[in-house]
Amino acid sequence: MTDILVYVPNSGKHAAEVLTLARSLGDVAAIAFDDAAASLAGEYGAAKVHRVEAPGADDYFVDPKAAVLVDLARSANPDFFLLPSTDEGKALAARVAVALDNGLMTDVSDLAADGTATQDAFAGATVVKSKSTKGFTLATVKAGSTEPLAAPGEPAVETVNAEVAPADQRVKVVQRVDEPAGDRPALSEARIVVSGGRGVGSAEDFSLIEKVADSLGGAVGASRAATDSGYYPHKFQVGQTGTTVSPQLYVAAGISGAIQHRAGMQTSRVIVAVNKDADAPIFGMADFGVVGDLFQVLPQALDEIEKRK
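Sequential numbering from 1 applies to the sequence shown in my numbering.
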């Protein structure tokens with residue numbers, strides 16, 4: 001019996017995190033729909049790779065892939081089936097759960113060998129323990145919950161041939177647009193993130209946040225208040241309704257620390273807060289805090305950073 005099934009998208013730190021967590025629970029059998037995903041699975045310790053050949057699957061929404069995942073889960077009867085907690089991962093997991101009449105847990109941050117999951121509830125205000133009472137442990141894993149650790153090997157590869165059935169062609173993908181990557185690291189995978197909030201005051205003044213991020217080699221983030229105010233694009237929002245990050249260093253400038261924002265960055269290794277309001281909630285979770293005007297504090301920080309280069 002296969003202990004752990006893992007759906008692996010073709011790249012990204014998040015997929016590596018899921019593989020690392022799965023490896024701590026047992027032998028991993030990865031499901032990969034392309035060579036990049038299969039390579040990533042081998043790099044992060046999969047003992048076996050189900051290499052799926054399904055021509056045309058990417059021309060439609062997740063239904064063709066879900067059909068393959070359902071068949072593999074049914075035949076493997078795994079102890080665990082883990083997927084990244086992305087839009088695609090959640091859509092796939094939901095379809096597997098319905099098709100197999102199986103329990104499902106989403107956004108788990110940890111899993112025990114007996115299937116007990118740790119989950120953040122109410123935007124991180126409460127931590128709960130959950131366990132599926134029906135079927136195997138099917139779960140999507142929250143980004144930033146595990147430090148990815150490579151374990152390169154030579155997994156056994158099994159080719160799985162699949163066809164896209166007419167029933168799985170209900171939603172066709174008519175266009176994909178790849179956003180330019182730019183010179184900064186991707187927000188969800190950056191080791192350093194510098195975020196600005198409402199306190200930045202304007203889109204023009206967000207250039208200061210960008211300068212600090214660039215000086216540290218990090219990514220730029222923003223609070224929901226800042227993106228809603230038009231200071232920075234919504235795709236850079238950090239929070240419960242934005243991107244979840246877990247960098248080594250998170251700098252929050254002009255961010256009060258609403259619970260929605262904290263849910264998206266609370267697992268950061270070191271948190272530095274700069275805010276004029278000494279009572280701002282962000283200071284309650286910061287490792288280092290500076291009470292002051294960010295337009296006075298950050299330029300001084302920039303000078304010190306440049307001196308050390």
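It should be emphasised that the hints constitute simulated quantities derived from the structure, not laboratory data.
Quick caveat: nothing in here was measured; it's all calculated off a predicted structure.
Note that CB positions come from ideal geometry on N, CA and C, so glycine has one too.
Take these hints with a grain of salt, some might be off.
With a straight-line cut-off of 20 Å between C-alpha atoms, the simulated SDA-like cross-links for lysine to any residue are [unchecked claim]:
no.: 1; residue 1: K48; residue 2: N77
no.: 2; residue 1: K307; residue 2: L216
no.: 3; residue 1: K235; residue 2: E210
no.: 4; residue 1: K235; residue 2: I192
no.: 5; residue 1: K211; residue 2: D79
no.: 6; residue 1: K90; residue 2: D79
no.: 7; residue 1: K172; residue 2: L25
no.: 8; residue 1: K134; residue 2: K48
no.: 9; residue 1: K172; residue 2: E88
no.: 10; residue 1: K309; residue 2: R191
Label-pair ranges, simulated between beta-carbon atoms [claimed, not checked]:
no.: 11; residue 1: L302; residue 2: V98; range: 50 to 60 Å
no.: 12; residue 1: S11; residue 2: V173; range: 24 to 34 Å
no.: 13; residue 1: D87; residue 2: S202; range: 49 to 59 Å
no.: 14; residue 1: T241; residue 2: V270; range: 21 to 31 Å
no.: 15; residue 1: E154; residue 2: G201; range: 37 to 47 Å
no.: 16; residue 1: A156; residue 2: D58; range: 18 to 28 Å
no.: 17; residue 1: D293; residue 2: A156; range: 52 to 62 Å
Pair hint outcome, K211 versus D79 [Cα-Cα no greater than 20 Å]:
violated, 48 Å
Given the hinted pair K172 and L25, is their Cα-Cα distance within 20 Å?
violated, 37 Å
Decide if the proposed pair is consistent with the structure: K90 and D79, CA atoms, cutoff 20 Å inclusive.
Satisfied, since the Cα-Cα distance of roughly 19 Å is no more than 20 Å.
Distance restraint evaluation - E154, G201, Cβ atoms, bounds 37 to 47 Å
violated, 55 Å
Can you confirm whether the C-alpha distance between K309 and R191 stays at or below 20 Å?
holds, 18 Å
Given the hinted pair K134 and K48, is their alpha-carbon gap at most 20 Å?
violated, 26 Å
Range hint 50 to 60 Å (beta carbons of L302 and V98) holds or violated
holds, 52 Å
Would you mind confirming whether the straight-line C-alpha gap from K48 to N77 stays at or under 20 Å?
holds, 15 Å
Quick check on a hinted range of 18 to 28 Å for A156 and D58, using CB atoms only.
holds, 25 Å
That 24 to 34 Å hint for S11 and V173 (C-beta), does it hold up?
violated, 18 Å
Holds or violated: K307 with L216, Cα cutoff 20 Å?
holds, 12 Å
20 Å Cα cutoff - pair K172, E88:
Satisfied, since the Cα-Cα distance of roughly 15 Å is no more than 20 Å.
Against the hints set out earlier in the document, violations occur for numbers 5, 7, 8, 12, 13 and 15.
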